[in-house]
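Combine both chains into one complex, guided by the hints.
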Amino acid sequence: GENVEQHPSTLSVQEGDSAVIKCTYSDSASNYFPWYKQELGKRPQLIIDIRSNVGEKKDQRIAVTLNKTAKHFSLHITETQPEDSAVYFCAASIYGNNRLAFGKGNQVVVIP
Amino acid sequence: DVKVTQSSRYLVKRTGEKVFLECVQDMDHENMFWYRQDPGLGLRLIYFSYDVKMKEKGDIPEGYSVSREKKERFSLILESASTNQTSMYLCASSPGVGEAFFGQGTRLTVV
Numbered sequence: 028g029e030n031v032e033q034h035p036s037t038l039s040v041q042e043g044d045s046a047v048i049k050c051t052y053s054d055s056a057s058n059y060f061p062w063y064k065q066e067l068g069k070r071p072q073l074i075i076d077i078r079s080n081v082g083e084k085k086d087q088r089i090a091v092t093l094n095k096t097a098k099h100f101s102l103h104i105t106e107t108q109p110e111d112s113a114v115y116f117c118a119a120s121i122y123g124n125n126r127l128a129f130g131k132g133n134q135v136v137v138i139p
Numbered sequence: 017d018v019k020v021t022q023s024s025r026y027l028v029k030r031t032g033e034k035v036f037l038e039c040v041q042d043m044d045h046e047n048m049f050w051y052r053q054d055p056g057l058g059l060r061l062i063y064f065s066y067d068v069k070m071k072e073k074g075d076i077p078e079g080y081s082v083s084r085e086k087k088e089r090f091s092l093i094l095e096s097a098s099t100n101q102t103s104m105y106l107c108a109s110s111p112g113v114g115e116a117f118f119g120q121g122t123r124l125t126v127v
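Chains A and B supply the protein sequences, listed in that same order.
The numbering of the first sequence is this note's numbering, which starts it at 28 and goes up by one.
The numbering of the second sequence is this note's numbering, which starts it at 17 and goes up by one.
The following block holds chain B by itself, in its conformation from the complex (with noise of 0.2 angstroms):
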């Protein structure tokens, strides 16, 4: 069984300050993505990397950085978090081709 763990369920922040959002997977997938979910705008793909050290911005990057330094581990960094951050974020794997596999998510509040 594919298993993709999000290191927080929920998460309250302060405005201004720095946050982690740690992902991991345990299949040895080289393919990791972190999307952000919102009523009525779907999934948007923040980043995503295709190999350790690897990154590519997906369409809403602006306030997020990236690290992979292991294959099985991809952080979301919000380098000073705000408001309009709170939301539900979500990481995903994949194998490369066909299915991604994602994580139970992390509700942020930013306040």
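One chain only, chain A, in its complex shape (with noise of 0.2 angstroms):
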């Protein structure tokens, strides 16, 4: 089945500067990868999500982009605030396929 792997485990980033997060997938029949986002003691919301068919996807300050040939996609949080600070979930999947594969999150911490 789909591996999901997310790397770091942890970012610490100053407010206002930008953080990125990476995740690879194994299984390259994948073509639907959202994003999730989990504040402390809250359900994940997605957040954006992206397909292959596109390489990159804005919504305001956060961003997504998808490298197929090399099985990776990233989260990119611009000029970043404290409500940032979450964890974050990368997920793989085919699209119109019940099952998403996430990855084992990522705290992002935003320093004020």
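Be careful, since some hints might not be right.
Said to hold, decoys possible - Pairs of lysine-lysine residues, derived as DSSO-like cross-links and limited to a Cα-Cα distance of at most 27 angstroms, are as follows:
{"hint": "1", "chain 1": "B", "residue 1": "Lys73", "chain 2": "B", "residue 2": "Lys34"}
{"hint": "2", "chain 1": "B", "residue 1": "Lys29", "chain 2": "A", "residue 2": "Lys69"}
{"hint": "3", "chain 1": "A", "residue 1": "Lys69", "chain 2": "B", "residue 2": "Lys87"}
{"hint": "4", "chain 1": "A", "residue 1": "Lys95", "chain 2": "A", "residue 2": "Lys64"}
{"hint": "5", "chain 1": "A", "residue 1": "Lys69", "chain 2": "B", "residue 2": "Lys19"}
{"hint": "6", "chain 1": "B", "residue 1": "Lys71", "chain 2": "A", "residue 2": "Lys131"}
To be verified - Computed list of chain A residues with no C-beta within reach of chain B, every gap over 12 angstroms:
{"hint": "7", "residue": "Glu42"}
{"hint": "8", "residue": "Gln65"}
{"hint": "9", "residue": "Asp76"}
{"hint": "10", "residue": "Asn94"}
Hint data in this document are derived by calculation from the structure and do not stem from the laboratory.
Glycine is no exception: its CB is placed at the ideal position from the N, C-alpha and C atoms.
See below:
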């Protein structure tokens, strides 16, 4: 089955700087890559997703890039704010398939 | 607003007890999932269901079973709870493509 790995496991950034989290996946058939954010004590929520027919997608301060050849995708957060502090999970699946494979999560800490 | 509701936020059970975790969704989603979340291990899929009475094993099904008698409800059953099943359990539902919506989680402690 699909195997998704995230790096680094913990990331500390100064407020206003950028944060980048990278994920790699193993199944070349995967074509749907969502990112979930989980704040302390709360449920994971989708923040952005990308399908393999595009290489980049942006939503305000958040962007995701995808390199299908290298089988990796990254989450970019610009102008980080304290409310960006959370655990971020990447995932991969075949679009329309029921099953998401999640990475182990990244703890992002934004230092005021 | 999609709502996925888990029956308990916190649960304490004794070793050997049969434990039921209930999850209800109100968006008529075909797919429902049970995950287990442990520090450093991320979200691991226990079981999922893509239709009423249908189920498939996830990555860590041992010691668990599930039941989906109605489309909106998906139950996780610990046949004989053990201390290594102490964890946060998250239910999710999805419409078949795209976003999965999570419940608030049940923190289960087995003593």
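Each hint, compared with the structure:
A hinted pair counts as satisfied when its Cα atoms are at most 27 angstroms apart, and B/Lys73 with B/Lys34 qualifies at roughly 20 angstroms. Only pairs whose Cα atoms come within 27 angstroms are accepted, and B/Lys29 paired with A/Lys69 is accepted, the gap being roughly 23 angstroms. Using a Cα cut-off of 27 angstroms, the hinted pair A/Lys69 and B/Lys87 holds, with the two alpha carbons roughly 25 angstroms apart. This hinted pair checks out: A/Lys95 and A/Lys64 have alpha carbons roughly 23 angstroms apart, not beyond 27 angstroms.
This hinted pair checks out: A/Lys69 and B/Lys19 have alpha carbons roughly 14 angstroms apart, not beyond 27 angstroms. A C-alpha spacing of about 24 angstroms is found between B/Lys71 and A/Lys131, which places the hinted pair at or below 27 angstroms, so the restraint holds. Once the 12 angstroms rule is applied to beta carbons, A/Glu42 is consistent with being away from chain B; the minimum gap is 26 angstroms. Listed as outside the interface, A/Gln65 is inconsistent with that label: its C-beta sits roughly 9 angstroms from the nearest C-beta of chain B, within the 12 angstroms cut-off.
A Cβ of chain B approaches the Cβ of A/Asp76 within 12 angstroms, the least distance being about 7 angstroms, so the stated non-interface status is violated. No beta-carbon of chain B comes within 12 angstroms of the beta-carbon of A/Asn94; the shortest separation is about 22 angstroms.
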